Amino acid sequence: MTLAPEAAKGDDFMRRLALAIAILATLALAAPSAPAQETPRPGGILNWYVYGDPGRLDIHLESPLSVQQALAGIYSGLLHRDPADPDKIVGDLAERWTASPDGKVYTFHLRKGVKWHDGQPFTSADVKATLNRVLNPDSKSPRCGSMLKPIVAGVEAVDPHTIQIALKFPAAPFLEYVASAWCVIAAKHVLDKHGDLSKPEAQIGTGPFKFKRYERGNVIEWEKNKDYFRPGLPYLDGVKQFVLVGFPTQLAAAKAGRIHLWDTWPPMKRTDADELKRARGDEVHVYQVAQNTIFLAYMHTQKPPFNNPDMRRAVHLALDRQELVAKALEGAGVPCAVFDPKLSGDFALPLAEVQKMPGCRQPKDQDIAEAKKLVEKHYPNGVDVEAAVRSVGNYVDRAQLVLSQLRKIGIRGTIKTYESAAGFAVFGKGDFVFLPTQDRAMVTVDPGDLFSLIYTTNAGSNWGKWSDPKVDELTERGLKETNREKRKQIYWELQRHLLSGAPSAVPVAWVEGFHFVDKRLRGYKWAPTVYDNNTFMKVWLQP
Amino acid sequence: MPDVADRVDVALPVGPAGAAGLEHERGVVRWVGWFATRHPLGFVGALLVLAVALTAIFAPALAPHGPKDAAFATYVAPNAEFPMGTDHLGRDMLSRVVWGARLSLYVGLTSVLFGVTIGALWGAVTAYFGGAADSVSQRVVDSLMALPPIILALALMAALGQSVTNVIVALALLLVPTAARTIRSVALSIKEMPYIEAARAAGAAEWRVIFLHVMPNTLATYIVLVTVNIAYAIVVEAALSFLGLGAPPDEPSWGSMLTAGTQALETAPWMIFFPGLAISLTVFGLNLLGDAIRDITDPRLRGGLG
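For the protein sequence lines, the chains are P and Y, in the order given.
Per our numbering, the first sequence runs over residues 1028 to 1570.
Per our numbering, the second sequence runs over residues 12 to 317.
Keep in mind that the hints were calculated from the coordinates and are not lab data.
Computed from a predicted structure; not experimentally measured.
Check each hint, because a few of them may be wrong.
Away from chain P, derived, C-beta distances all over 10 Å, residues of chain Y [what the hints assert, rightly or not]: (1) Lys79; (2) Gly101; (3) Glu277.
Pairwise CB distance ranges, derived in the manner of DEER restraints [as the list claims (entries may be wrong)]: (4) Y/Leu254 with P/Gly1457: 41 to 49 Å; (5) Y/Leu254 with P/Thr1441: 14 to 22 Å; (6) Y/Ala157 with P/Arg1285: 32 to 40 Å.
Glycine included, C-beta positions come from ideal geometry on N, C-alpha and C.
When you get a sec, could you build the whole thing from the sequences and use the hints?
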């Protein structure tokens, strides 16, 4: 793990990050890497897939992976993860950066001569417009805004090639956030013209690929940006993402060799990976990976029956996470954890402690009896709820398992399914009572991420409108704390608080699974989150 | 005023009412014996349908477990405890197939009763009045019939949203045009009958003529339409559920059981075998029974009552 020395100074967090990534890298041992001496070969189209139609394409205002994936190669950030070594955070549009001695002001020196895909020059005004857009208190920016709003005080364009970001306090994960694939820079003139970035014609970036075509529900195509600011890159002529909805279709495409790569959500389960290996034999690398994604069950805290904390607590107690992991994830997952120790190291509350807590302990009898009492207290005849589910991955199966478990305590659910993007739109507005299953992927590997994304009052994915002053306060303290040991204690306290309380989003498990890479695809590296390093700028195809 | 409706019985050309009336004197047992010998295939069909109907009615008593209880190990092969095995979520397949009979028959029966009844009313009324209204309504029927039924059903389900009620609505709408066309053709000949003329001469209101004189005489056709189409409705419901647009996913529908089975074809073939068998036997039984009823009620095919 290396960072520009001036930025890495005194950053304990980064050492922890390195540890987590090292563990991750061992997990991904079988992941391919091209022999060092091999010369990249230009040309070819990479065939990839996306699990659902992205719908609105605004990278700053949307949160589904499908949106980030659709646009990954189009934009650049100030910083990004090194495509050749995703453990490192390196400059992208910023050539270099410095931090003030008190760690509260960062100055980014921007590359010169960079052009937008429409030929306009890139300047610091674009960076300022982008950051002001995501920081705008009136705009809902569930990923980038959620991370930056709590820590950034202001943005100043010093000159056309220098931008300064002032922080409210020295925040440990700031550079991680800036390097996030959700905090990419959009063009000021495009924002002025279109108002937002939701339409295909507004996809003007500075990235290695240009947005060529978006056929709804069918395919998203990028073509090589011949004027990319890194000469010689990208190697590929283009990337095609097929919209493949439904797991059987995705697996069939993989088995038939229609896609070169499966590095995204939903991961394959063990039996699927075995099936693929039987079909493709030596042509693919298959490897297991921790997804940096948490499986949650959301309840709306302002709508009956879950406006009652007892009812939320009952769900928390009744859910059998071990059974859900065993059946829905075929054992590839960490049940009950608020953090996965493999990814978060000792920021994760020790699993031995987690698995003794009510709701997580086995056998379930005592917890179920208690949950039943809680439900009976308020609903002597039980209660019916509508369970909203996006028809993606194996969500519908997972939902049936969750509902089967809740029926034991008198909560009777009926499933209502949504297409992927439609579901996100509805859930984001809070038009639901219960979401039995919803994965949320982390944007970074910093422990603060989970809380800023899901649990604080202003979190981008706080769909259940939960507000707990203690969570808000501890999250803020966690961001400000620079002493690693103290930071760990804060996050342990937060985890204990969530597991013993009645939050809107019940942590079910951290998701693991299997990915594959076609052996013809070279130079591909898996990054610590599903969002990182999917620009394919340094990837090439061997015939 | 003496009601000319008396003539309905007299005028009823053919039909199960007449056959049953005749047979009633000889007793139900003899009628069954007659049915079994004259229409052995129909008799087999009737037995199959009876078995499915009894399964549906007594599902709560017959199913050893709840159809939605994912309380067991996953992918257990058929054994003494789970005669049809368990599925990918650890639910007892036998219980799901048994409850599936209830869902299939409920959807099949209600959608067909609604669809065929609405179609019959439409056909009888437009046939009776004739003229421009009839022409226009028949063009509407034409355009509905021009759409491939499964596509129309998919579109309707996508628009209405997934629920058992919406499946019934979609299936009923599919059946309306066929029923309207068929009943109209029967009604066209009935309205030329002397007793209709007599009713009108006696001053009966038009609605009275339609409902008391025309419609009852289309009953034979109506019954055939119902029996034949239940099998069709069950298959379409299974197809919709198979495609993920039928009954909600946790409802034990044979179609959605097949979908789940396709994902585990190599590991758990029983997941697709038993619901597939259930659909096949039910549809086979209904078709055999439907054919027999058609034969009995069709004077050209009817060879007397033995």
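Do the hints match the structure? See the list:
no.	hint	verdict
1	Lys79	violated (6 Å)
2	Gly101	violated (6 Å)
3	Glu277	violated (7 Å)
4	Y/Leu254 with P/Gly1457: 41 to 49 Å	violated (30 Å)
5	Y/Leu254 with P/Thr1441: 14 to 22 Å	holds (20 Å)
6	Y/Ala157 with P/Arg1285: 32 to 40 Å	holds (35 Å)
In summary, the structure is inconsistent with hints 1, 2, 3 and 4 from the numbered list given earlier, while agreeing with the others.
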